[in-house]
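Read off the chains here:
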Amino acid sequence: MIKKVDKILNVCSFSFFDWDKINPAKGNNPNDTIDTFKKNNIIFGENGNGKSFLIKIFKSFDGQDVELIKHWDYPSEKQEIKLILDDNSEALFINSKWSNNILHDKFIIFDEYFVNKYVHSLGPDNIDTSLRRQERGKNIIYLGNFASYNNEIDKIDTLKNAISEKNETYLKEKESELNTIISNKNITIEELRENKNKIEKLKESDLQNRKDRIEKEEKKLNKISNAIKEKNKIKELLFLDEIDTSFSLIAKMIEEGKEKEIGINPLEIFSFTISKGLQATLDKIYHKKDFIKTGLSLLDSKKSICPFCEQKIKNEDYIQIIKDYQKIFDQSFAEEEQNIKKLLSEYRKVLEGIRDLQASTKNKNIMKQIIQFISLDKELPDVFISDEDRDVIKNELNLILEKEKKILDEIKGSKAAQIRGIIEKTNKLTKEYNDLTKEVNEKIKKLKKDMTEGKLEVQKSDIVKDISELNKEIFFIENKKSIERYFEILRNYENNKKVVESLEKLFKLLKNKIIDEFNNFVSNYFSLIKSFVKEISPTMDIFEIEGESRYDRRSREATQCGFCIKYKGEECTRNLSEGEKQVIALSFFFAQLKKENDKKKIIILDDPIRSFDAGKRKSTAEVIQRGTNDFEQLFIFTCDPLFREFCLTQFPNRNFYYIFKTKGSSSIHFVPKKRETIYDSFETDFKNMDNINGSNENVVIFGQKLRFCLETKIKEDYFGYSQDNLSNMIEQVSSKGKSKFDKLIDSKDMILQIYNYCNTGGLAHYPKDGSTSWNELKDKIKQYLDLDL
Amino acid sequence: MEKELKKESRLVDLIKDQLDNETDQLIEFLDFKKNNEEIIQNLVKHNILNFGDSQNNDKKS
Numbered sequence: 001m002i003k004k005v006d007k008i009l010n011v012c013s014f015s016f017f018d019w020d021k022i023n024p025a026k027g028n029n030p031n032d033t034i035d036t037f038k039k040n041n042i043i044f045g046e047n048g049n050g051k052s053f054l055i056k057i058f059k060s061f062d063g064q065d066v067e068l069i070k071h072w073d074y075p076s077e078k079q080e081i082k083l084i085l086d087d088n089s090e091a092l093f094i095n096s097k098w099s100n101n102i103l104h105d106k107f108i109i110f111d112e113y114f115v116n117k118y119v120h121s122l123g124p125d126n127i128d129t130s131l132r133r134q135e136r137g138k139n140i141i142y143l144g145n146f147a148s149y150n151n152e153i154d155k156i157d158t159l160k161n162a163i164s165e166k167n168e169t170y171l172k173e174k175e176s177e178l179n180t181i182i183s184n185k186n187i188t189i190e191e192l193r194e195n196k197n198k199i200e201k202l203k204e205s206d207l208q209n210r211k212d213r214i215e216k217e218e219k220k221l222n223k224i225s226n227a228i229k230e231k232n233k234i235k236e237l238l239f240l241d242e243i244d245t246s247f248s249l250i251a252k253m254i255e256e257g258k259e260k261e262i263g264i265n266p267l268e269i270f271s272f273t274i275s276k277g278l279q280a281t282l283d284k285i286y287h288k289k290d291f292i293k294t295g296l297s298l299l300d301s302k303k304s305i306c307p308f309c310e311q312k313i314k315n316e317d318y319i320q321i322i323k324d325y326q327k328i329f330d331q332s333f334a335e336e337e338q339n340i341k342k343l344l345s346e347y348r349k350v351l352e353g354i355r356d357l358q359a360s361t362k363n364k365n366i367m368k369q370i371i372q373f374i375s376l377d378k379e380l381p382d383v384f385i386s387d388e389d390r391d392v393i394k395n396e397l398n399l400i401l402e403k404e405k406k407i408l409d410e411i412k413g414s415k416a417a418q419i420r421g422i423i424e425k426t427n428k429l430t431k432e433y434n435d436l437t438k439e440v441n442e443k444i445k446k447l448k449k450d451m452t453e454g455k456l457e458v459q460k461s462d463i464v465k466d467i468s469e470l471n472k473e474i475f476f477i478e479n480k481k482s483i484e485r486y487f488e489i490l491r492n493y494e495n496n497k498k499v500v501e502s503l504e505k506l507f508k509l510l511k512n513k514i515i516d517e518f519n520n521f522v523s524n525y526f527s528l529i530k531s532f533v534k535e536i537s538p539t540m541d542i543f544e545i546e547g548e549s550r551y552d553r554r555s556r557e558a559t560q561c562g563f564c565i566k567y568k569g570e571e572c573t574r575n576l577s578e579g580e581k582q583v584i585a586l587s588f589f590f591a592q593l594k595k596e597n598d599k600k601k602i603i604i605l606d607d608p609i610r611s612f613d614a615g616k617r618k619s620t621a622e623v624i625q626r627g628t629n630d631f632e633q634l635f636i637f638t639c640d641p642l643f644r645e646f647c648l649t650q651f652p653n654r655n656f657y658y659i660f661k662t663k664g665s666s667s668i669h670f671v672p673k674k675r676e677t678i679y680d681s682f683e684t685d686f687k688n689m690d691n692i693n694g695s696n697e698n699v700v701i702f703g704q705k706l707r708f709c710l711e712t713k714i715k716e717d718y719f720g721y722s723q724d725n726l727s728n729m730i731e732q733v734s735s736k737g738k739s740k741f742d743k744l745i746d747s748k749d750m751i752l753q754i755y756n757y758c759n760t761g762g763l764a765h766y767p768k769d770g771s772t773s774w775n776e777l778k779d780k781i782k783q784y785l786d787l788d789l
Numbered sequence: 001m002e003k004e005l006k007k008e009s010r011l012v013d014l015i016k017d018q019l020d021n022e023t024d025q026l027i028e029f030l031d032f033k034k035n036n037e038e039i040i041q042n043l044v045k046h047n048i049l050n051f052g053d054s055q056n057n058d059k060k061s
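Residue numbers (our numbering), protein chains in the order written: chain D, 1 to 789; chain X, 1 to 61.
Errors might be hidden in some of the hints.
Partial selection, computed: residues in chain D whose CB lies under 10 Å from chain X [said to hold, decoys possible]: (1) LYS155; (2) ARG485; (3) LEU510.
Covered by chain D, according to a simulated footprint, are these stretches of chain X (three or more residues, beta-carbon under 8 Å) [to be verified]: (4) 21-27; (5) 30-40; (6) 44-53.
Okay, the calculated beta carbon distance ranges per label pair [unchecked claim]: (7) D:PHE526 x X:LYS16: 24 to 30 Å; (8) X:LYS16 x D:GLU165: 26 to 32 Å; (9) D:ASN100 x X:LYS16: 29 to 35 Å.
Source of the hints: derived by calculation from the structure; they are not laboratory data. These numbers were taken from a predicted model, which means no experiment stands behind them. Ideal Cβ positions, reconstructed from N, Cα and C, are used throughout, including at glycine.
All chains, full assembly: derive it from the sequences and hints.
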């Protein structure tokens, strides 16, 4: 519980307030009891004296986001607030900081902010248009957070639309730029998107390859077009002949009655001599005689001693030896010689075949025809040997001729190794020729078949497509930078779209949540609000809240969660007055208090009866008393004298204070019970004026006090303004007595003269030019006191 | 002691447990006191939205 506001320095209108100086232990009257705040506190003050600033200070201690500005006359002076609690602990605010948070979240405050924040009428306004009606959807009243909730949903929805629109424009602008490049090439944006992966893989280095392929495809197209035009020629096309010769140094020989493949070794053939023949012969027959075997092991062409007779021998001597052994190997030697001749013959055939090799001239003629219709990667090779190889072969054939003439003489000069190379080369050439021939024949066959089956047109169309694709690829490569930039924009666009999707998701979640929240609100607060409304304003006896959450707007905008109010059976939300709005706000506030579990809280009410008539003032005071009774402390701020009187009556355990500006600062004055009419207090001040400094500020303050006393005293004492009903008013007025009224009427000129003085000249405002002096004011106050109203 | 401010309750805070990471991150940038264009600028600044063109080497919004 707050015991007192000990000090407020330089905060809003409180430039220098010190509780103990304003409310000394002993007041002006030594018999006055000076008391600190009680459980219930009624604080009265006219507008502009600092009530709202004091509430702002409480809000700041509560932890709410309010700015405590410096007093306008002291912008550079330090600020300080000190609150003393009932346990004598302190809450300090120095240099924009709190010393502790003991009062944090301790207040529950009802003020104009609460009304504006939590009660929203969405009925028609001065600029009611069809669009506004559509936006509003229905006459409705929001309570609690639902107006801000709805704003959130609206915000999400409009933000989503704004981003979406911006994103579409962003993409369209870029696509429009790109269209100026691609439209000439008959390429669409969709094609670019579809080929995104392919385009990203294309490289500058692929450009030549694509150009080459186009050239090739165009040739193919030309040929297939020819084929379509000249179908008869295709029918008559002949096939190519293959070369059916293959060359090898292998001869087929009959040996011991069987055919065998024998390798032709030119060097061996050309070196065939008698001794070699003999050696070969002996080799064949060595198993027949043991001694020949022994002799053979010792024999070679370099020996000069015969291994058989151990005599010196010459080459010719071998003839004798042969003769000597003729019986044994005559037949075998003849066979050996015959073999050599046969091999020579075979060798010659091979060489002559290579020498005379040539391709068919028929093939060349066929090729001339088919090349109009078929694309070939290679041409048929020329099949003939080089002049150099021809010379080698010619030389070898001469050696063969020579050997045939002198079969037992060794012939030198064979180029057997080169011959083998030429054979290999020739075979390779022949194979290559035949392979190509086969390939071409297959193509001829296929062409004929495709023609018969009518596939040539399809093939032509495919080639046209391929060429078109290749042309596009070339375009993609040449314009890759522009296209990649578009892809980047496209990626941004897609990512932005995800944000829009997230906002849409959020929108739907919020829409469902607000309905849940509204339903909870209805079940928690609806009946309470309704009962408080009936209590505060019994004339609003029909207060229907259609607490059904719904989504019934024509366009898909925010959810409508609100209440519909009826008065005497008619919907009145659209005509809700400020007073009715205040009744609903106050009812909601008390419903919240009812639901509040923490009864240690301090309740603040700032002019809860604003715009209320007299009847509501009394019922409100009663509701406040009941509704706040369980809470720790209550502060009621009001500028309404009638409501003040109701509260003073309603709360027995209470203190009364008024806030008034004195000496340029707002201050809180304790009013002892016996002098609770404020003008009594002011009149005490008037009587003490000789001790008060006659500054310009005090001219204004005392001028205002004078006007307040004059007006309030007459209104309340003579006309019963602070009474709640007619009988009390009559009672009040009657108690003054006739003589008092006579005196009032007699003094009317003086009263009006003083009243006009207060409302004109320098008193209504700051007397800059000193037009109103302290002494002049003192005279007027003296005249007022002399009236003895 | 630093000034502690009470935050006004927002509806988005009541559905936080239903959000995926991306949406949860997104709402951190939704300042309902700002107008749409200001919010969009802020989202662009934090690379959540991108209306840029690399050729111009900027992030238009």
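Hint-by-hint comparison with the structure:
{"no.": "1", "hint": "LYS155", "verdict": "holds, 5 Å"}
{"no.": "2", "hint": "ARG485", "verdict": "holds, 5 Å"}
{"no.": "3", "hint": "LEU510", "verdict": "holds, 6 Å"}
{"no.": "4", "hint": "21-27", "verdict": "holds (count 4)"}
{"no.": "5", "hint": "30-40", "verdict": "holds (count 6)"}
{"no.": "6", "hint": "44-53", "verdict": "holds (count 6)"}
{"no.": "7", "hint": "D:PHE526 x X:LYS16: 24 to 30 Å", "verdict": "holds, 27 Å"}
{"no.": "8", "hint": "X:LYS16 x D:GLU165: 26 to 32 Å", "verdict": "holds, 28 Å"}
{"no.": "9", "hint": "D:ASN100 x X:LYS16: 29 to 35 Å", "verdict": "holds, 31 Å"}
The structure meets every hint from the earlier list without exception.
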